[in-house]
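Asker: In order, the protein sequences belong to chains A and B.
Take the first sequence: its position 177, counting from 1, is numbered 177 in my numbering, and each next residue is one higher.
Plus 183 on top of the position in the second sequence (first one is 1) and you've got my numbering.
Worth flagging that the hints you see were computed from the coordinates, not collected in a lab.
In this text, a Cβ means the ideal position worked out from N, Cα and C, and glycines have one as well.
Think about it this way: if two alpha-carbon atoms lie no more than 27 Å apart in a straight line, the pair counts; the simulated BS3-like pairs of lysine-lysine are: (1) B:K243 to A:K67; (2) B:K322 to B:K194; (3) B:K290 to A:K38; (4) B:K242 to A:K67; (5) B:K194 to A:K67; (6) A:K136 to B:K235; (7) B:K235 to A:K67; (8) B:K243 to A:K136; (9) B:K290 to A:K136; (10) B:K348 to A:K178; (11) B:K236 to A:K67; (12) B:K243 to B:K194; (13) B:K243 to A:K156; (14) A:K156 to B:K236; (15) A:K136 to B:K242; (16) A:K113 to A:K38; (17) B:K235 to A:K156; (18) A:K136 to B:K236; (19) B:K213 to B:K412; (20) B:K236 to A:K24.
Label-pair restraints from in silico Cβ distances: (21) A:E135 to B:Y294: 33 to 39 Å; (22) B:E409 to A:V139: 45 to 51 Å; (23) A:K46 to B:P343: 55 to 61 Å; (24) B:Q396 to A:D144: 41 to 47 Å; (25) B:S217 to A:L177: 21 to 27 Å; (26) B:S344 to A:D157: 55 to 61 Å; (27) B:E409 to A:N169: 33 to 39 Å; (28) B:P308 to A:G27: 37 to 43 Å; (29) A:G20 to B:K221: 21 to 27 Å; (30) B:P439 to A:D157: 52 to 58 Å; (31) A:L177 to B:E190: 52 to 58 Å.
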Amino acid sequence: MEISLKTPVTREMARKLRAGDRVKISGIIYTARDAAHKRMLENREKDGFPIDLKDSVIYFAGPSPAKPGEAVGSIGPTTSYRMDSYSPDMIKYGETVMIGKGKRSSEVVEAMKKYGAVYIGAIGGAGALLASHVEKCRVAAYEDLGAEAIHELVVKDFPGIVIIDSEGNNLYETEYLKYRRND
Amino acid sequence: MRIIDREDIIKSVERLCIDTNCILNDDIIKSFDSFIEKEASPIAAGILRDLKKNGEAAKKRMMPICQDTGMAVVFIEIGQEVYVDGSLEEAINEGVRRGYINGYLRKSVVYDPVIQRINTKDNTPAIIHYNIVKGDKLKITVAPKGFGSENMSRIHMLKPSEGRKGVIDCILKTIDEAGPNPCPPMIVGIGIGGNFEYSAYLAKKALLRPIGQYSEKAYLREIEEEVIKKANNLGIGPQGLGGTTTILWAAAEDYPTHIAGMPVAVNISCHVTRHGEVTI
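For reference, chain A alone in the conformation it holds in the complex:
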């Protein structure tokens, strides 16, 4: 099923999505990688969060620099397991959608089930194609981190597929078995 998803995405909306749904995301999303996650959670008590996490969509990505006249450089997903130690807290504090690629830990999946969040896969290695769905990009926080800064993106019909839903259904656990052969 193909679903148009407008951000912000509420817990209620997130709970309706199912593993295997194809989504097209439009609106504001934020990029964050390891360094930004670490700093956000370490500084939370002191400074609060630099972006509004409630119902937020966080894209695990660090773009290549934009050429003059372009909104953004190449911008595909980074491998998500490096965010596994941060994601349960991020979900607790309001994040409802994570976009990345690759496996997640059971702790992350438990937090997704508890609070109502989904994990969406974007095509890893298709950074040039995905860039064409980004209309605007600006640094929202942590400029000193370079590519690892938090970027606010305005996206239109950004394509993805729900890999793990809020019930814990997981395409990475079900799909490969359909094509696995033991010879």
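Once you've looked at the hints, dock chain B against the given chain A.
Answerer: Below, chain B alone, put in the same frame as chain A:
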């Protein structure tokens, strides 16, 4: 004695950093076509078509194929009759610096790996492998490597008794455990023999071989063929969403080893396996 100007080296490295990051090599594009035809899963075939389209879009706009434009790995073959005007290492790093800045490539290198992790802001230093050879030429190969796949690479220090089966099994285990993480379809570099670090070097070097070109050694070719067949039976598929295209290619290199050991290094790479060379 032949003198090579450092500026020629800098310009060559700069050009190679940009071109390899924005232009997908022809052998990879051709291999997409043959796998799209064979792919059992329609979703997987669609992803392969998107990756091909991504390569075309990148080339047209001279935009990086993938945002992770890697750490620059540089292989140098320097003839013993060559004299470089100035420091060769500094010239290579200056080329990397100019390539990553002028080509709008992502700077992904940090100074210290553990505590501060501060970005060097120009993607230097490169990782450089030197080889001194006969002659008066300088061959430069630039192979920027992203870390989504690098992180999934492994070295297995096998016992000699584990034999050929042990070699195949540990390669397949590495691919299976990597699963969706390194953006399959993968390209797999295999280094067999040598010692701990040399097996890893061989695995990296194997990634330079074009898709379709098997090893000239019969036993290595058989290993390559078996790994390609069995890895594509694992079911992982493009992006780990199931399918019959898990790896596009596997290339193996070997070297003599110690009586007590049989090292096998598996360097996992993604479809964006970049390499380009120039001879000065």
